[in-house]
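K.L.:
One-letter residues, chain by chain:
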Amino acid sequence: MAALLGTFEQIVLLAVVATGEEAYGRAVLRAVQASLEEVRSVSAGAVYATLDRLEAEGLVSSRLERGTPARGGRARRFYFLTTPGASALTEARTTLEKMWHGVHWPVEVMR
Amino acid sequence: MNRIEPPKWMERMLKALLHERNRAAVAGDLYEEFCEVQVPQMGVARARLWYLGQTLSFIPQRLAFPLNLLCFFTLASGTWLGIMDLRLRHPGYAGRELIAGLIVGQAALTLAALHSRSLGWLRLLALAGCAAIVWLAVHALVNAMHGAHLEGYVLLIALGLLAQAALTVLILPGLDRQIARRA
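In order, the protein sequences belong to chains A and B. With our numbering, letter number 109 in the first sequence gets 109, and the count goes up by one each step, no holes. With our numbering, letter number 58 in the second sequence gets 1058, and the count goes up by one each step, no holes.
None of these hints come from the bench; they were simulated from the model. Every residue gets a Cβ at the ideal spot worked out from N, C-alpha and C, and that includes glycine. You may find that some hints are simply not true.
To be verified - Derived Cβ-Cβ restraints for the label pairs, each shown as a range: (1) B/G1105 with A/R93: 35 to 43 angstroms; (2) B/V1154 with A/M99: 52 to 60 angstroms; (3) B/T1079 with A/K98: 51 to 59 angstroms.
Just need the whole structure built from these sequences, with the hints factored in.
P.N.:
This is the structure:
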């Protein structure tokens, strides 16, 4: 059985899915930062390192495209969810849903 | 009107920290964010600080590999020193065993802090240990300079310890537990 995704990896993968056709680095970074802004600050280094790792593991793929004038001509890298990436996200969600089933919300400390 | 761009030296530093594969794309992403969001919302000075912060956030991933190598080097050196002193048992060898133990312990601690998910206390311990290995390295270097003959291996290990401490201080505070490897 493949290892489960970490929380941050799930967030980055979901940001790739949520930004759809526009999932280039900056859009993914903004989506991740927006989702976590009330919890913690997220650096660009953390997001790009995670994207690199997810790509190395085959969970996302990427394509480099030409830059726009708004970026001073610098290239853009677009990210796409792969089939193994979709399976990993599904597995992570299914596992969590199973574990949450029957747990009262909000969680209370047992004394 | 001229567009306010990130300072050139910061962009050069960013590119130096990035692997070639990501250089243009990441620099472009941060350029776009700087010009379109950070400067209009926060002003030039704070936008530059933001850019610098994002640039520095790439240090851990760039320097983690050299730090791993250095830790393995000092771990092996400390083990070798400990074994040699234990075999030779020259006067004062017990003290040198402690030193070897400190070198091995700090290398193992730093590796654990780099690779563990529960970084909090390990990270603090590893950072505190840097002071000890810096003191040890400086002490060894001073002794080596004033000694009758220069011992190359002492110089090498001391420089390795100094480099290990410098990289640890640069990397560990920025290591994010959220980017830890998959369970």
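K.L.:
For each hint, tell me whether it holds in the structure or not.
P.N.:
To see whether the hints hold, each was checked on the structure:
1. For the pair B/G1105 and A/R93, the beta carbons lie near 42 angstroms from each other, so the given range of 35 to 43 angstroms is met.
2. Between B/V1154 and A/M99 the C-beta distance comes to about 55 angstroms, which sits within the given range of 52 to 60 angstroms.
3. A hinted range of 51 to 59 angstroms is violated for the C-beta pair B/T1079 and A/K98, which are about 46 angstroms apart.
Of the numbered hints given earlier, the model fails hint 3 alone.
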